[in-house]
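We have chain A; now place chain B onto it with these hints.
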Amino acid sequence: MSSADIYREIILDYYRNPRNYGRLEMPDVVVRDTNPLCGDEVEMHIKFEDGKIKDIRFNGKGCAISQASASMLTEMVMGKSLEEVKALGKQDILEALGLPNLGPARIKCALLSLKVFKLGIYSYLAEKIGESEASNIKEEASKLF
Amino acid sequence: MLSIIDVERIRADFPILSRKVRNGKRLIYFDNAATTQKPRQVIDAIYNYYMNYNANIHRAVHQLSEEATEAYEGARSKVARFINAKDEEVVFVRNATEAINLVAYAWGRANIDAGDTIVVSEMEHHSNIVPWQLLAKEKGAKLHYIRIDYNADGGSSTSSSTINYSDDGSLIMDDLYDVISHAKVKLVAISHMSNVLGTINPVKEIVDICRDKGIRVLVDGAQSTPHMPIDVKDIDCDFFAFSAHKMLGPTGVGVLYAKRDILDAMDPFIGGGDMIREVHKHAASWNDLPWKFEAGTPNIADVIGFGAAIDYLNAIGMENVRAYEHQLTEYMLSRLMEVKGLRLYGSKEADRRGAVFSFNLADIHPHDLATILDEDGIAIRSGHHCAQPLMERLGVAATSRASLYIYNTREEIDRFIDSLERARLIFRVGG
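So the sequences go chain by chain: A and B. Residues in the first sequence are numbered consecutively from 26, following my numbering. Residues in the second sequence are numbered consecutively from 3, following my numbering.
Note that these hints are calculated values from the structure, not bench results. Virtual Cβ for every residue (Gly too), placed ideally from N, Cα, C. Any given hint could turn out to be false.
Claimed, not checked - Simulated restraints, written as ranges between beta carbons of each label pair:
1. Ser183(B) x Glu164(A): 54 to 60 Å
2. Asp89(B) x Thr59(A): 44 to 50 Å
3. Gly76(A) x Gln390(B): 36 to 42 Å
4. Ala130(A) x Asp176(B): 39 to 45 Å
5. Ala130(A) x Asp365(B): 19 to 25 Å
In isolation and in its complexed conformation, chain A is listed as follows (with noise of 0.2 Å):
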C-alpha cells in the first residue's frame, strides 16, 4: 500500500476537519490512552441512554491515520446499541479507514481509538454489572495491539 493509497483525501479530510471532536458537558465516562511509542493520544467522551451511545466526542493529537480513525470510530458507534458496539473488532475500523493492510509499523495508529473506546465500554460496564462479568472487553481492548 502506498503512500499515495493511505493518505487519500477522505483521511485528510477527517484529519483536518475532525467530526466530534471536542468534549462533553457530563460523559458518563472518560477515557484516555496513548501510544507511547509515538506519541498519538486520544481521549473520548461518551454518555449512555437505555443502553445506547447517546453521545460521544473525542480529541487528542497524533499521526493523520490515529486522529481520522479517532473522529470515523465516534461516526460509526453515534446512536448504537451498546451489543452493536461490543461487537466492534479491528477489522472494521481499518475497512472504514479504508486500509484493510496496514502494515505492522503503523497499525497501532489506527486501533488506538478503538482501544480507548472498549476501554470507555469497559469502564462503563464495570460499574453496572459488575469488573468480573465486564472483564471481557477489557481484555479485547488489550489484545488489540
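Using the frame of chain A, we list chain B on its own:
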C-alpha cells in the same frame, strides 16, 4: 565541491548501504543519531573473536584467554587515547544510559544530600534526566533545568510560508550563573550535543564556571563523540558518557570516563566477579580501576568490535569527520530552506551544531511524514526522541528528525528533499 573524505570508499565498507528497501529503493539511512551502521571491519572483528579466540578474560592462563584479554584491554586503550584519557579512567558499561546511572548510583548516592541541587538542561535526553529525578527523589534534592533560548510562539509556520527558523536552541548561560549563585549545586549534568536540536553546548565553559565552586560536571557525550574530536582533559569534566553503537560500533557497549581520584573514592556500582580483590564471608575488597566497576563477564566481543570502530574513525581522522559533516550540514540547511512550510528547530549556523535536523513540515504529523519517506527508502525518525521536556518547551508533540554521518552524501540530501516535496503533494499542502 572537493570532498574532505573519500565517501564512496567509506560507503563500500558498509554492506548494509547497498541493500534495497521498499521495492527496490536504495537505502538512505538518516537515523544515525539513534544508531549508526557498522563497517565490515567492525563486523569482522566480532566474528573473528568468536571464530578464533573466544574465551573469558582476565582469569585463565590459557592462550585463548590471553588473546581475548589482550584484545579487550587493547580496545580500552584505544578508547582512552580516542578521548585523551588514561586506561584506568575508562569503564566499560552497556551504553551511555548505564554510564550515567552508574554515576547517579555510585557517586550520587554518596555525595548528594537533602537540599542539594542537581542541574540539567531542557534539551537533555531522558537518560540524563530520569536517573537524576530518581536520585533527587530519594535524597530530597532538587532538580534544576537550564532553559534554552527558544520562543515557542515566534515564527509560526503556515503552509505558505517559507522556512522559519526558531531561536537557535542554545543554553541560556545566565540560568547556570544564577542557580549556582543561589542554590547548593553539587552536580551539573549536561549533553555535549543535543540529540534533537544538534546544538553543541559550551561544555568547557560550563566546567570553568563550576570548577571554582567545587561543582562536579557530567557531560553526556553520546551525540558528540561520534562526530568530533573529544579531549576530556581539555574539557576538564569529571564524568563523560557515550555509547559505541552511535559511532560505528556494536550495541551493548558504553563508556564511562571519570577522573581517577573520583573513581578511586567511589564505591562499586554492581558487585560480583572480576570487580573484587579478595572476598571473605562477610567482607570484600575491591579490584583496581577500572575493573572495580566491571562486575561479571563483560561484553567481550562487542568491546573488541568497538576497538575496531575506533580504529576505523581514527583512520579517517575525527577532524575530517567533523569537517565533512560541517559541509553536509551547510548543504542540508540551504536545501531545507527551500522547502515551503518547513520549520526547523535549532541553529542554522553549521559552526554551532551537528548534522542532526529536527523539523516539522506544515501540518503533516511526523509519523505520517516518516511513512512517506520510508516508501522512498529514506529512514528518518519521528516522535519525541526521548526528550519530552524539550518537546514541551518547543510546544510540539513530536518532530521529524534526519541525522547524518560520514557515509551520507549530498545526493542523498537531494533525494530526501525531493521526498519532502512529495509529502507536501500527498498531503495537499498549499503554497
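Item to complete: Look at the Cβ atoms of Asp89(B) and Thr59(A) and judge whether their distance stays inside 44 to 50 Å.
Response: holds, 45 Å
Discussion item. Quick check: does the Cβ-Cβ distance between Gly76(A) and Gln390(B) fall within 36 to 42 Å?
Written reply: Hint holds: Cβ distance 41 Å, inside 36 to 42 Å.
Worksheet entry | Range agreement (Cβ of Asp176(B) with Cβ of Ala130(A), hint 39 to 45 Å) | holds, 43 Å
Practice prompt. Starting from the hint 54 to 60 Å, judge whether the C-beta atoms of Ser183(B) and Glu164(A) obey it.
Written response: At 57 Å between Cβs, range holds.
Worksheet item: Cβ-Cβ distance between Ala130(A) and Asp365(B): within 19 to 25 Å?
Response: holds, 21 Å
Every hint, counting from the list given before, is met by this structure.
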